[in-house]
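A.B. asks: Dock chains B and C against chain A, hints included.
Residues per chain, in single letters:
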Amino acid sequence: MLRFIRKRALASLISLIGLLVMVFFLSRLTGDPASLFLPVEASAEMKAEFRALHGLDQPLLVQFGQYVGNVVTGDLGESLRKARPALDVVLEAFTWTLWLAVITMTLVTVCAIVVGSLAAFRTGGFFDRFSSMLSLIGASVPDFWLAIVAIVIFAIQLSWLPTSGTGTLTHWILPICVLFVRPFGIIVQVVRGSMISALSSAYVKTARAKGVKSGPIIFVHALRNAMLPVITVIGDQAASLLNGAVVIETIFGFPGVGKLMIDSILQRDFNVVLAAILVTAFAIFLMNLVIDLAYALLDPRIRY
Amino acid sequence: MKTSHLFGAVLGSVIAFGAGIAPVHAASTDIKIVLPEEADLLEPCMATRSNIGRVIMENVSETLTELDVRTKQGVMPRLAEKWEQTGDGAWRFHLRQGVKFSDGKAFGAKDVKYSFDRIFSDKNVCESRRYFGGMKFDVKVVDDNTIDFKVDPVQPILPLLLSLVTIVPEGTPLEFVREPVGTGPYKLSNWTPGQQIVLDARDDYWGKKPAVTKATYVFRADPAVRAAMVQAGEADLAPSISQVEATNEKTDFSYLDSETVYLRIDGNIAPLNDVRVRKALNLAIDRQAFLGTLVPQDAVLATALVPPTTLGWNPDVKVFPYDPDQAKKLLEEAKAAGVPVDTPITVVARTANFPNVTEIMEAVQAQLQEVGFKIDLKFVEVAEHEVYYSKPFKDGRGPIIVAAMHDNSKGDPSFTMFFKYDSKGTQSGYADPKVDDLIARASAATGDERAKLWSQLIAYVHDDLVADVLLFHMVGYSRVSERLDFKPSIATNGMLQLSEIGFKN
Amino acid sequence: MTMAIQSTHTPKETVAEEPSAIVRMARMLWADKFALCAAIFLVFVIVMAIIGPTWLDELATKQNLRGRNLAPFMFDREWYMWLGADALGRPLWPRIIVATQNTMMVAAGAVVISAIIGTLLGLIAGFASERVSQVIMRLADVIMSFPSLLVAVIVLYILGSSILNLMLVLAITRIPVYLRTTRAEVLEIRQRMFVQAARVMGASSKRILFRHILPVVIPTLTTLMTLDFAYVMLAESALSFLGIGIQPPEITWGLMISQGRQYLTNAWWLSFWPGLAIILTTLSLNLLSNWLRIALDPVQRWRLEMKGPKHG
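Chains as they are written, first to last, in UniProt numbering: chain A, 1 to 304; chain B, 1 to 505; chain C, 1 to 312.
Excised from the complex, chain A in its bound form (with noise of 0.2 Å):
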């Protein structure tokens, strides 16, 4: 076990550091920052100033050689909007984000399985058809539709909740239900098919045909058996939220890593993009770890 966590983490680690090349690279070809930074009237030598400045004068190869000295002694560069270290913007973007994330999962683990392991025992009654249809209709509706109309009932009509921000519990909840939506669809989904397929494997014949009358240890086992493909599944829309909940965060207001990300996409801000994909990438690569450890964790038969 150890040595797997370990020779994993060595691979990661590569892994990252190719990451982190192939965005340094790759976002350097689309732009100059300096025009976007500086207004259009701006002259060309004060464009060329702005990447002196910046050092993004240099050729490539020196600009990467600097970058990769600075971040082997912890430092990440400056941010070239905010005039402040990249790391420290990206990690209190990220810390939102991570609540947010998380709350979000675990909310959705918990009633999605229930929902659809309800549904996978009785296929074809009520309940399956009703949650099947909601949560197809969840995994497919435009967030940004959710958000301004839950707005418009819950803030504006009813006065329960406030608008968008930040500042009390009572601004988490728009942001966390509306986010709630689309993967508890998806995840609904694929522990209701995940589930079918084991209540109707052969094993789980077998205990019905000995006798094994109990239905809740029939659906423990059949259960364990499907999370497979579920926590994968889990994984990727954790993963998908941990970059960022780019519309949620745009409209609720919420200073979260996805639009900073979008932003300094947008403005070519490298120091901050290269800092934000670092970190969400190290979460989403422990998370990974965290779930090929699961897996063998639910299924003894797989070994590392």
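Because the hints were derived from the structure by calculation, they are not lab data. Careful: at least some of the hints might be erroneous.
What the hints assert, rightly or not - Derived, one-sided and incomplete: chain C residues facing chain A with beta-carbon distance under 10 Å:
(1) Ala39
(2) Pro147
(3) Tyr157
(4) Arg183
(5) Leu227
(6) Leu234
(7) Ser271
Claimed, not checked - In silico PhoX-like links for lysine-lysine, alpha-carbon gap of 25 Å or less:
(8) C:Lys62 x B:Lys328
(9) B:Lys378 x C:Lys62
(10) B:Lys424 x A:Lys47
What the hints assert, rightly or not - These stretches of chain B come out as covered by chain A in the derived footprint (C-beta under 8 Å, 3 or more residues):
(11) 35-47
(12) 141-151
(13) 477-486
Everything numeric in this text was worked out from a predicted model, so none of it was measured. No residue lacks a Cβ here, since even glycine has one placed at the ideal position from N, Cα and C.
C.D. replies: Relative to chain A, chains B and C alone:
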């Protein structure tokens, strides 16, 4: 049964939470303002950028002069009490006395000189430097309250230019700062990036004490949410909301926002190098049909790239009529003369550049195609747009038209004309000696002569050169809480003076 | 296994095997009314995707500034105005139909490409040596943590914006989920009895992968694919909104949604109808895939065959 209990519990907690929302208007002179975009810096020398200027310009950081746009009195004193031009074209400014920075230091001529030097330092790239391109400054401190500016070439509009230079205390770091110190009526008391910026009124401000004691700025990118926040009482002022949200007469006001939408033509490339083709472009567009539909009813059809409040704006220049038949005829004439009018023209526009940009450009495309143009419409994001809009233009490019928006709220065309029409201008698609000459002469002239030369240039560019397709002077909408006494102005886009905000009752 | 089931039927049916397979499928479809509706809807969508642009393009692009944001359900007007009109007065019904082709190309293209590549890599990762598996899995980690928006900006900035490029961008970002799902299943299945047995009996790796393992993985993958359809269409909408996706005058459902966004509070129909089209398509695909899963599963097929004659 169980589920209904659960539902009840959830509902109960939601209501309980709802009851816990703090009342927004704790003190009646505190206000909350919701802006579309957060300031990434609060750097005084970047205050000419709207997302920064709206927070700090004249609130935290002041300038020597300011342009009065409400009563149209022109350049007014701010930190300078009066100024005069000396014989050799230099300017002498007499500064206000007894002014203190928010860190307690006294304001004097040395600070003005330092602020100027800081703008030109190579340790930063201050945006305001762009207004002084090609000028040589010799700034001399005469005494504590007097300062001389000697500029080469002579700048007749120096007092106006100085309304763009914010004054920082001597010793401010040359690198960009995030905590501005200024002489303004407010000081920065809290900035939580991503969440809010708080300004508090200063007790030791030199001028009249403003009614607003504390202003909290929050940021929401979605216009519907900004409007909703004022409606729900969570904010008092949303300086820009979208036209479709502006439905409440009591709270929603429109204002000419100094932005002008136009189609920049690259006149170097056939068939756009032919004046008949450019005229046909202008005649093919039914500008009036846009008003009240895709463009707000109060928008003004443009005959110049500068809004009507600008010096030298020419009332005799008339908007091109909508005349598709004439356009077709001109195109045929051009074709007969061997102009390749069948070459597809690429129209480049930027997503989210201005409200309804997609629809407006699709309609423009349809109208141009109606008279026989071949138009490829291309939407790009901001970085790519810049590549098409500004020089150096690509070699071997085809005929390109760029839809863009230009902002000049500063009252003088010099902030526009050189860049957009001079042969050396960064966004200019022309090299016309007469234009260059007029711009050079107008820039150096003063008073009525200056106005006359700008008028001439505007008429020449519009009627003879037919340099571009001018469309609309746009209108912005703001939602103002009913407890506030505030009307937005043409300056609101880039500057929001809290001292102009009062309270009803 | 299929043979075993069929042999229990009367010889008569076995003789007429070709038509009977179709008839039986049709019967089973008839038995599940939801799936039937779904199938009809999808056929309609496919037909529209093929003929839509040539049939209705003119109607769909005809602007009328006086009829902006015309409300839906005005049945006294022409049929194509029944769903209302957009911000340029273009009727929404024909626009949705014309947009079907691009939408389906992007969505189906992206989903199919990512599913095929992802599944193949997943099979390999689950079966190959540890080293190869490590490389593939870490590659998946990299793609997973590469923000899709950045991929989009890079690809579209360097290669230019086109339907094909957009399809590629979306496909790349969706590979990891198929890859990881397949691999996880493979890890589990390859330990099962029948696979072990096949191996002992000397079946080649390829044969084990495609004959024994793939059939077990496919149901989960189908569920994912149908859901990804919606995901891809909405992701494309978000990219359009940011100015790096499909741009007018091309149309897709996603683009229509993002264009209607600003009118949400006073002309809801602009983004509602294309949104509904996405929901209905996803719903239909899912219902049909659920039906297909039962219809193709010899163990569960009886459910539909039992119902068949009763209703039919």
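A.B. asks: Which numbered hints are broken by the structure, listed smallest first?
C.D. replies: Numbers 1, 12, 13 - these are the hints that the structure violates, sorted from lowest upward.
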